[in-house]
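Novice: Given next are the chains, with one letter for each unit.
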Amino acid sequence: MAKICIVFDRLRTEEKMLKKEGLELGHDTFLLDAKTTKINTDSKKNDFDFGDVILQRCISYFRGLHFTACLEFLDVPVINTFQVASKCGNKLIISLLLKKHGIPTPKTYFSFSSDVALETLEKVGYPLVLKPVVGSWGRGVIPIKDKDTADSIIEMRELTDGTHDRIYYLQELIKRPPRDIRTIMVGGQAVASMYRTSSGGFKTNIATGADPKLCEITKEMEDLCIKASDAVGGGILGIDLMEDEKRGLVVHEINNTVEFKALSKVAKKNIPKEIIEFTVNSLRK
Amino acid sequence: MNCPECDGKLNIPDDAAVGEIISCPDCGSDYEISKKDGSNIELKLAEKVGEDWGE
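Keeping their order, the protein sequence lines are chains H and R.
Mapping to my numbering: the first sequence position 216 is 216, numbers consecutive.
Mapping to my numbering: the second sequence position 35 is 35, numbers consecutive.
There's no promise every hint is true.
As the list claims (entries may be wrong) - Listed next, the in silico DSS-like pairs over lysine-lysine satisfying Cα-Cα at most 30 Å (straight line):
(1) H:35 x R:9
(2) H:273 x H:227
(3) R:9 x H:44
(4) H:35 x H:107
(5) R:36 x H:16
FYI, nobody ran anything at the bench for these hints, they're computed from the structure.
All chains should be modelled from the sequences, with the hints used to inform the complete structure.
Specialist: Pasting the structure below:
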């Protein structure tokens with residue numbers, strides 16, 4: 001029996017499912033609110049009860065990342081690790097890693113000033129998809145179809161001037177059916193997969209109303225997802241793929257702290273059970 | 001328990017846990033359960049959706 005600590009900052013169905021599954025499997029499983037935890041540079045592991053292993057489930061990416069750094073400082077094993085989480089949280093890093101590992105991925109253009117971003121759009125041609133390098137649930141993902149839109153969007157970026165707004169991530173618009181594929185990887189195993197069909201717009205995120213349908217995991221899909229998982233260092237991940245009309249499957253994102261409420265309704269495997277078993281088994285390695 | 005904002009009746013399930021979000025059906029305010037001791041429940045205003053929220 002292991003003692004599993006599930007760290008959260010907003011209690012969602014997923015965290016409750018994980019706790020229930022952990023308890024049913026006979027593990028002492030408890031929830032810990034990251035927002036109420038105090039850590040300092042003199043802290044020691046024994047000052048806290050973090051159990052044997054921590055499942056990092058914060059909904060806030062930066063809170064989860066920095067909390068994980070503190071936990072690893074205390075030598076507490078965390079899933080996913082800081083290294084994995086820091087890579088997955090940044091789309092630019094993921095695009096580079098996918099390409100470096102020979103995984104088919106949409107062609108993506110990076111520029112570091114508004115002038116060069118506009119030059120790229122003019123040179124490559126429209127449409128291109130502008131994505132924030134850090135962001136989720138499809139927020140800020142904008143297909144840019146003409147120069148007027150490009151000028152307006154880039155001008156808005158300059159006005160908001162967020163910490164990552166000077167990094168322009170422009171991706172080719174993949175010709176695909178109005179859906180993408182989300183595969184959940186747990187410890188390098190493809191556990192479940194779903195089509196996320198757009199509710200009418202361009203985006204296919206469940207958070208924007210996309211409809212989940214079970215997707216059979218093909219050998220090709222599995223191989224790509226294993227490679228993608230290895231590219232970031234493994235763990236519990238959500239791999240997003242698109243079906244390009246010409247090239248076939250391309251991987252465009254790897255997600256940390258994956259949400260599985262929608263997929264668990266249609267999946268054949270018990271996703272929280274797979275996650276708990278992987279978490280406990282990771283202690284034996 | 002009533003909504004601190006509009007005094008509407010909040011529906012808090014018996015199995016609600018600390019950290020869970022309760023929305024007021026009348027005004028839409030979101031509250032997080034900050035303490036729970038039997039039927040004694042304390043609420044605080046829930047955090048707003050952050051730019052870095054999600055997966």
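Novice: Run every hint past the structure and note whether it holds.
Specialist: Hint-by-hint comparison with the structure:
Restraint check for residue 35 (chain H) and residue 9 (chain R): the C-alpha separation of about 27 Å stays at or below 30 Å, so the hint holds. A threshold of 30 Å between alpha carbons decides the hint, and for residue 273 (chain H) with residue 227 (chain H) the separation of about 23 Å falls inside it, so the pair holds. Our distance criterion of 30 Å between C-alpha atoms is broken by residue 9 (chain R) and residue 44 (chain H), whose separation comes to about 44 Å. Distance hint between residue 35 (chain H) and residue 107 (chain H) is unfulfilled; the C-alpha atoms sit about 39 Å from each other, more than 30 Å.
With a C-alpha separation of about 16 Å, the suggested pair residue 36 (chain R) and residue 16 (chain H) falls inside the 30 Å cut-off, and the hint holds.
Hints 3, 4 from the earlier list are contradicted by this structure; the remaining hints agree with it.
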